[in-house]
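As they're listed, the protein sequences go chains A and B. Under my numbering, think of the first position of the first sequence as 1, with each following residue one higher. Under my numbering, think of the first position of the second sequence as 655, with each following residue one higher.
Please keep in mind that the hints were generated in silico from the structure rather than gathered at the bench. Among these hints, one or two may not hold up.
[To be verified] Computed cross-link-like contacts, DSS-like style, restricted to lysine-lysine with a CA-CA straight-line distance of at most 30 Å:
#: 1; chain 1: B; residue 1: Lys712; chain 2: A; residue 2: Lys366
#: 2; chain 1: B; residue 1: Lys805; chain 2: A; residue 2: Lys607
#: 3; chain 1: A; residue 1: Lys232; chain 2: A; residue 2: Lys209
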Amino acid sequence: MFGKLYNWVDSRTGVQESLEEALYENIPGGSKWRYVSGSMLVFAFMTQAITGIFLWMNYSAGSQNAWASVYYITYNMEGGALLRGIHHVMAQAMVCLLPIHILQVVIEKAYVKPREFNWWLGLVLMQITLALGLTGYLLPWDQKGYWATKVATELAALPPFVGGYIQKIVVGGNEYGHFTLTRFFALHAGVLPGLLVGFLVLHLAMFRKHGITAHSSDKRPDQMFWPMQVLKDGVACALLFGLVVWVALIHPAELGPPAEPTEPYGAARPEWYFLFLFQMLKYFDGSMGWNNEFMGAIVFPGLLFGFMFLMPFIARIKVGHALNVLMIALVVGGAGYLTWEAYQEDNYNINNPEDTESAAFKKAAKFHAEVKRADTEFELIQELVEDYGIPLEGPLALQQKDPYTMGLRLFRRQCASCHAYNATGENERLAIAGPVIAADVEEPMGAPDLYGFGSPSWIQGLLSVGENGIGSARYFGNTSHSEGEMIAHIRDTMWAEAESEEDKQNLAGMVEEVSWALSAEAKLPYLDYAANQDKIQSGIDHLNDDTLGCVGCHNYKENEFGYVFTLDNYASSEWLTTMISDPNQIYSEDWGTYNDRMPAFHSEATKLLTANEIELLVRFLRQDRTLLGTSSAKVNPLATAESSEEVTEEESAE
Amino acid sequence: MSETNDSSAEESRRGFLGSFAAWAAALVGAVLGVGPVCVGVYAFIMDPLRDKSKDLPKKSRGSGADSEGFFRVASVDEIASVVPRRFTIVADKQDAWNFIENQAVGSVYLQKSETGDISCFHTTCPHAGCSVAYEQDSAAYHCPCHNSSFKLDGSKLEVDGSTNPSPRPLDKLDVKVDDNNNVFVRYVDYYTGKHDQIEK
Numbered sequence: 001m002f003g004k005l006y007n008w009v010d011s012r013t014g015v016q017e018s019l020e021e022a023l024y025e026n027i028p029g030g031s032k033w034r035y036v037s038g039s040m041l042v043f044a045f046m047t048q049a050i051t052g053i054f055l056w057m058n059y060s061a062g063s064q065n066a067w068a069s070v071y072y073i074t075y076n077m078e079g080g081a082l083l084r085g086i087h088h089v090m091a092q093a094m095v096c097l098l099p100i101h102i103l104q105v106v107i108e109k110a111y112v113k114p115r116e117f118n119w120w121l122g123l124v125l126m127q128i129t130l131a132l133g134l135t136g137y138l139l140p141w142d143q144k145g146y147w148a149t150k151v152a153t154e155l156a157a158l159p160p161f162v163g164g165y166i167q168k169i170v171v172g173g174n175e176y177g178h179f180t181l182t183r184f185f186a187l188h189a190g191v192l193p194g195l196l197v198g199f200l201v202l203h204l205a206m207f208r209k210h211g212i213t214a215h216s217s218d219k220r221p222d223q224m225f226w227p228m229q230v231l232k233d234g235v236a237c238a239l240l241f242g243l244v245v246w247v248a249l250i251h252p253a254e255l256g257p258p259a260e261p262t263e264p265y266g267a268a269r270p271e272w273y274f275l276f277l278f279q280m281l282k283y284f285d286g287s288m289g290w291n292n293e294f295m296g297a298i299v300f301p302g303l304l305f306g307f308m309f310l311m312p313f314i315a316r317i318k319v320g321h322a323l324n325v326l327m328i329a330l331v332v333g334g335a336g337y338l339t340w341e342a343y344q345e346d347n348y349n350i351n352n353p354e355d356t357e358s359a360a361f362k363k364a365a366k367f368h369a370e371v372k373r374a375d376t377e378f379e380l381i382q383e384l385v386e387d388y389g390i391p392l393e394g395p396l397a398l399q400q401k402d403p404y405t406m407g408l409r410l411f412r413r414q415c416a417s418c419h420a421y422n423a424t425g426e427n428e429r430l431a432i433a434g435p436v437i438a439a440d441v442e443e444p445m446g447a448p449d450l451y452g453f454g455s456p457s458w459i460q461g462l463l464s465v466g467e468n469g470i471g472s473a474r475y476f477g478n479t480s481h482s483e484g485e486m487i488a489h490i491r492d493t494m495w496a497e498a499e500s501e502e503d504k505q506n507l508a509g510m511v512e513e514v515s516w517a518l519s520a521e522a523k524l525p526y527l528d529y530a531a532n533q534d535k536i537q538s539g540i541d542h543l544n545d546d547t548l549g550c551v552g553c554h555n556y557k558e559n560e561f562g563y564v565f566t567l568d569n570y571a572s573s574e575w576l577t578t579m580i581s582d583p584n585q586i587y588s589e590d591w592g593t594y595n596d597r598m599p600a601f602h603s604e605a606t607k608l609l610t611a612n613e614i615e616l617l618v619r620f621l622r623q624d625r626t627l628l629g630t631s632s633a634k635v636n637p638l639a640t641a642e643s644s645e646e647v648t649e650e651e652s653a654e
Numbered sequence: 655m656s657e658t659n660d661s662s663a664e665e666s667r668r669g670f671l672g673s674f675a676a677w678a679a680a681l682v683g684a685v686l687g688v689g690p691v692c693v694g695v696y697a698f699i700m701d702p703l704r705d706k707s708k709d710l711p712k713k714s715r716g717s718g719a720d721s722e723g724f725f726r727v728a729s730v731d732e733i734a735s736v737v738p739r740r741f742t743i744v745a746d747k748q749d750a751w752n753f754i755e756n757q758a759v760g761s762v763y764l765q766k767s768e769t770g771d772i773s774c775f776h777t778t779c780p781h782a783g784c785s786v787a788y789e790q791d792s793a794a795y796h797c798p799c800h801n802s803s804f805k806l807d808g809s810k811l812e813v814d815g816s817t818n819p820s821p822r823p824l825d826k827l828d829v830k831v832d833d834n835n836n837v838f839v840r841y842v843d844y845y846t847g848k849h850d851q852i853e854k
């Protein structure tokens, strides 16, 4: 039955003849395991084409959509993570197979006469493969891909006269935007694979024309391609696929935070297989005149490629082949060395933990800090996406309303040159290092650590002495207040007067209560004021009775004789907004230790931050993650535990 | 049957391009093959090169710059003394088919010298286009990509143990201050990787 059907089909299509032609290729010396690299490359490309088409069905090019669609593929789509993972890992496998295939061809002398054209076609295929890697890196439109690819397109402008035009054509205009993505995507999914298929067909046709390079011997008789070599190829490809799937499962393809053109990413690196080119650029510094960037990025790699192009001719001279092998080994070895060196530079701080003062250490530490920052930003946007979904305007619109993401950025840019934000515990990801203060600095520089500002523990530290007390770097140690009245009072009066252990414990208890009372002024959303009603009430009493000597200088509620800022509403939203916008509205010129350096960020004269940015910063400092545009939850610290429960019940009843 | 054999034999004797019909067929084939490609490639190449300033909608503020290309960036009070501060250039922007208002289109470092002179540097590293960052502990600008570093005055800084591949100092931009203490910067992008400053 099957035989009859087959004959019917064959007589009309000639399928038998085609199959025979395809499969009955003679292999001189028989099938070998080492012939599998070419088939593996073809298989890798087929995998890329297939997974690529399915990724395409879920991908949308464009600045608002690209990241969102890749996020969907990776985190929501059924089987999406595996699909993208395989595409991502197989691309790297393909780049690993390329030098193996090339080395093999060179060592076995398969590039010389009469196979010149096949060698050249192979070189073209290699270029297309690398171009596919480069264009694919940008498509997720995350910070890493965006800033790394930017360097690549900057290099496009290097050639004299035409460089600028080339850059504009590649980028699709003067700047990165929609057109950069649509162009890269068309290249990645259309033009380059199309070219690859075309050149691959020619490559295989040439291969069939000239056959395998090996010679027959008596020991190893010839074999046909079918079935032994096909089996070996198949086993090798199956192993490759298995390995790729395994890696894709244990190392899912990464996605960084969405590309933000105004937030430079300080750890932009190309995909690892381009790192040697990245590293090489550092050496072309123009110090010898000729060794400028154009040489390093275009001419030198071009010359190497030109050399490879000429290798079949070089092989005609006596030691030519040996020279070629040496050269290829040098190129592969050199690329390997540069890649290693690039990793060494970026990991200098990990490999040399004691050398903290060197420039190399600082640079590597900064690189790692940036990587960590990107991880945190991704974590934050992932939480936002899970909570609110991605709006039509894209992920950036969501990010720009988030007090945590924006607070981190704004604090880093505007506050961290003086203040630290040493977040700990579950908030550790929000930590921002403050200024590095050299030991020999004469003038005070640096300001209090603002993590937990307004919380009882923060205020308690402010009202205590010792390692983390008011005189330490965490508070006023590095400010002009280090010799001021406040510190003098806390250290030389309040704590100095508590002599016995019992006195000290009493004082510590009162300090804690006062801290709760002051924190109640801040109305911080993350604190359980209701459960600490008693402490708050005692603290208020201490303040009113002036037990600790606070209201001698500060105003508080009924006390209006103080001459420095009032403690009413201390660290509340309004207070912080004023403090950041125009600190001199809170500080007064009358007291000895006035505000000597905190700038006004939004006053008549200065608009360093917009009102929205200040609101984001205020919410960040208060650990209040309500999105901008939504009014933050009202906290009533004087509500008792029972009544606050009632409120929750009422709310849930609604 | 025999007739066809004769004529095909004759054709092959005359060679591939031996007759007018053969030339005509080759020409038509070439036009058919190349024509669509030309149309596509023309649009692909020419559209990015055209002046797109007219794409901005009529009711937008335009580029946000005055006739000489100066953008208002800050007020004098906002610029810290000696320590550079980063400012963004805000303008309306056309990205392909979208119009976006008040977009940050670039950024600069502004600093005041001890004598009060204001200077301005582009944040883009002249080497390969990464963004330089000012670092307080070394009082210098550092690029996170290929080890370029720059002093406070923008000139190249050689750091021990690494090369500085930048072909030129940081790009200095023109600054002007009006009577109301507004600071204006003539913001332009320069091609990176070249010894001379060439405007994009």
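Hint by hint, here is what the structure shows:
A distance of roughly 45 Å separates the Cα atoms of lysine 712/B and lysine 366/A; the hinted pair therefore is violated under the 30 Å criterion. About 27 Å separates the Cα atoms of lysine 805/B and lysine 607/A, which keeps this hinted pair within 30 Å; it holds. Restraint check for lysine 232/A and lysine 209/A: satisfied, since their Cα atoms lie roughly 22 Å apart, inside the 30 Å limit.
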